[in-house]
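A.B. asks: Letter by letter, the chains look like this.
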Amino acid sequence: MAHCRRELFHAAWKCLLDDEFLEAYRHGIVLTCSDGVVRRVYPRLFTYSADYPEKFVLHYDHGLWH
Amino acid sequence: MGTNAKEYITPHETMDDRRRRKISDIIFPYPNLSSFYFNFWNKRGDKKTKEDRKFIQGIITDPDFSNKDVRGVNFNKIDDQLAKDMQSPWGSNGWKSSSVTVEIPTGKKQTKAVRKERAQATQDARRHGEVDPEADEFPVHRFKVDNIRHRSLVHVLRSAVEDDHSSRGFHWHGFQEHWQPPDPESPPERVYGELYTSQAFLDAERDLLSSPPEDGCTLPRVIAAYMFWSDATLVAQFGLNKVWPIYLFFGNLSKYVRCRPSARAAHHVAFLPSVRLSLRFFP
Chain H
1 MAHCRRELFH
11 AAWKCLLDDE
21 FLEAYRHGIV
31 LTCSDGVVRR
41 VYPRLFTYSA
51 DYPEKFVLHY
61 DHGLWH
Chain P
1 MGTNAKEYIT
11 PHETMDDRRR
21 RKISDIIFPY
31 PNLSSFYFNF
41 WNKRGDKKTK
51 EDRKFIQGII
61 TDPDFSNKDV
71 RGVNFNKIDD
81 QLAKDMQSPW
91 GSNGWKSSSV
101 TVEIPTGKKQ
111 TKAVRKERAQ
121 ATQDARRHGE
131 VDPEADEFPV
141 HRFKVDNIRH
151 RSLVHVLRSA
161 VEDDHSSRGF
171 HWHGFQEHWQ
181 PPDPESPPER
191 VYGELYTSQA
201 FLDAERDLLS
211 SPPEDGCTLP
221 RVIAAYMFWS
231 DATLVAQFGL
241 NKVWPIYLFF
251 GNLSKYVRCR
261 PSARAAHHVA
271 FLPSVRLSLR
281 FFP
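Those sequence lines, one after another, are chains H and P. Under the numbering used here, residues 1 to 66 are what the first sequence spells out, in order. Under the numbering used here, residues 1 to 283 are what the second sequence spells out, in order.
Mixed in with the good hints there might be a few duds.
Here are the simulated lysine-lysine pairs, DSSO-like style, with alpha carbons at most 27 Å apart [as the list claims (entries may be wrong)]:
#: 1; chain 1: P; residue 1: Lys77; chain 2: P; residue 2: Lys47
#: 2; chain 1: P; residue 1: Lys96; chain 2: H; residue 2: Lys14
#: 3; chain 1: P; residue 1: Lys242; chain 2: P; residue 2: Lys144
#: 4; chain 1: P; residue 1: Lys144; chain 2: H; residue 2: Lys14
#: 5; chain 1: P; residue 1: Lys22; chain 2: P; residue 2: Lys84
#: 6; chain 1: P; residue 1: Lys144; chain 2: P; residue 2: Lys96
#: 7; chain 1: P; residue 1: Lys84; chain 2: H; residue 2: Lys14
#: 8; chain 1: P; residue 1: Lys68; chain 2: P; residue 2: Lys43
#: 9; chain 1: P; residue 1: Lys68; chain 2: P; residue 2: Lys22
#: 10; chain 1: H; residue 1: Lys14; chain 2: P; residue 2: Lys242
#: 11; chain 1: P; residue 1: Lys77; chain 2: P; residue 2: Lys22
#: 12; chain 1: P; residue 1: Lys96; chain 2: P; residue 2: Lys84
Chain H stretches covered by chain P per the calculated footprint, using a threshold of three residues with CB under 8 Å from any CB of chain P [what the hints assert, rightly or not]:
#: 13; region: 8-17
#: 14; region: 22-32
#: 15; region: 36-48
If you want a taste of the chain P side facing chain H, the calculated C-beta under 8 Å gives, among others [unchecked claim]:
#: 16; residue: Ser98
#: 17; residue: Val102
#: 18; residue: Ile104
#: 19; residue: Val154
#: 20; residue: Ala200
#: 21; residue: Asp203
#: 22; residue: Val222
#: 23; residue: Leu234
#: 24; residue: Ala266
#: 25; residue: Ala270
Keep in mind that the hints were calculated from the coordinates and are not lab data. Bear in mind the structure is a predicted one, so any value in this text is a computation, not a measurement. Cβ coordinates follow ideal geometry from the N, Cα and C atoms, glycine included.
Okay, chain H solo, but in the shape it has when bound (with noise of 0.2 Å):
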């Protein structure tokens, strides 16, 4: 069940880290933030918090972690 579980979980965060993201992750969107200054905006991971164990594997998968 913990297999399928984390199986699952991986899948999902495949489905979120799609190519829409990947492209805004490499170049950036340009986004007109409430302070009215135009940015170039990049996103990236920084934490994740869950009581889930194997979560760690999951960033490697996707090659974001350097």
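Starting from the known structure of chain H, fit chain P onto it as the hints suggest.
C.D. replies: Okay, now just chain P, sitting in the frame of chain H:
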């Protein structure tokens, strides 16, 4: 219009022209201001208070309000359009539904007999053209999990930065925080408290700024710090209704703001279905 309703659609006074949007754009999909105010009053809660009465009085007596504009407007259709978030390029507020295939080992030990049996089965199947030659190295069960609801991470970022007022408090640039102990002899100590004062953020920012910019782009480059959180949660005080959400916070916002429920700084990005339910029909 002399009502306080105007405050709701007038852009903030400090916003400059780049941020200013057309009124027709703001009130989309309403065809005109009169019908916007009309439905706005309707949506102000089920119970009408004295304040609401004053509000509608202000609207219908305003010289800008025209009852001709409201005539024949299909408000049900507008409600539907609002629910679908038609204006956004992603539609449906960025939510998507996907299904994934999960592999589970059969748990059969790979003895010589088992391998032989499997090779035989593969050969039989191939002869009948049933499987592709690129079959799995290890025998697995596959089962499909439907209905993973998830949201585009880029859409969340866009809506949080462009539409949400709390993004005014975003720290786009990292910095170090130091504390000088009372004793002037002792060296200052580094204080860690926020994500944007952490070394990880500073390193990421340094890496970004030292990388070559996009062709011809001179915009300031900044980092949006995604912080995820997930935990399976019971959603009722009684009963066993469970959800397994993944939340997203932005580390650019101070933790003192981010953690306040009223700041609405948490964004849902996914709901995972229950594994137990998905497995129930598994052979």
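A.B. asks: Hint by hint, note whether the structure agrees.
C.D. replies: To see whether the hints hold, each was checked on the structure:
Proposed proximity of Lys77/P and Lys47/P is supported: the alpha carbons are some 24 Å apart, at most 27 Å. Only pairs whose Cα atoms come within 27 Å are accepted, and Lys96/P paired with Lys14/H is accepted, the gap being roughly 13 Å. Straight-line distance between C-alpha atoms of Lys242/P and Lys144/P comes to about 20 Å, which keeps the hinted pair within the 27 Å bound. For the proposed pair Lys144/P and Lys14/H, the alpha carbon gap of about 15 Å is at most 27 Å, so the pair holds.
For the suggested pair Lys22/P and Lys84/P, the alpha carbons sit about 21 Å apart, so the restraint of at most 27 Å is met. The suggested pairing of Lys144/P with Lys96/P holds, with an alpha-carbon distance near 17 Å, which does not exceed 27 Å. Annotation: proposed proximity of Lys84/P to Lys14/H holds, straight-line Cα distance about 25 Å (limit 27 Å). Taking the CA atoms of Lys68/P and Lys43/P, the gap is near 21 Å; set against the 27 Å cutoff, the hint holds.
Restraint check for Lys68/P and Lys22/P: satisfied, since their Cα atoms lie roughly 22 Å apart, inside the 27 Å limit. At roughly 23 Å between alpha-carbon atoms, Lys14/H and Lys242/P fall within 27 Å of each other, so this suggested pair holds. Using a Cα cut-off of 27 Å, the hinted pair Lys77/P and Lys22/P holds, with the two alpha carbons roughly 22 Å apart. In summary, the hint linking Lys96/P to Lys84/P is supported, as the alpha carbons are separated by about 12 Å, within the 27 Å threshold.
Given as covered by chain P, the region 8-17 of chain H passes the check, having 8 residues with a CB less than 8 Å from a CB of that chain where 3 are the minimum. Only residues whose C-beta sits within less than 8 Å of a C-beta in chain P count toward coverage, and the region 22-32 of chain H has 7 of them, enough to reach three; the restraint holds. Note: the region 36-48 of chain H has 13 residues with beta-carbon separation from chain P under 8 Å; the three-residue rule is met and the coverage holds. At about 5 Å, the closest approach between the beta carbon of Ser98/P and any beta carbon in chain H falls short of 8 Å, and the interface hint on this residue holds.
With its C-beta approaching chain H no nearer than about 4 Å, Val102/P sits inside the 8 Å limit, and its interface hint holds. Satisfaction of the interface hint for Ile104/P is found here, the shortest Cβ-Cβ separation to chain H being roughly 6 Å, below the 8 Å cut-off. A least Cβ separation of about 5 Å between Val154/P and chain H falls short of the 8 Å threshold, and the interface hint therefore holds. Hint on Ala200/P holds. Least Cβ distance to chain H is approximately 6 Å, under the 8 Å limit.
Hint status for Asp203/P relative to chain H: violated, with the closest Cβ pair at about 10 Å, above 8 Å. Interface hint status for Val222/P: upheld, as the beta-carbon distance to the closest one in chain H is roughly 5 Å, under 8 Å. Because the beta carbon of Leu234/P sits about 15 Å from the nearest beta carbon in chain H, more than 8 Å, this interface hint is broken. Checking Ala266/P against chain H: minimum C-beta separation of about 12 Å lies over 8 Å; hint violated.
Because the beta carbon of Ala270/P sits about 6 Å from the nearest beta carbon in chain H, less than 8 Å, this interface hint is met.
Hints 21, 23 and 24, counting from the list given before, are not met by this structure.
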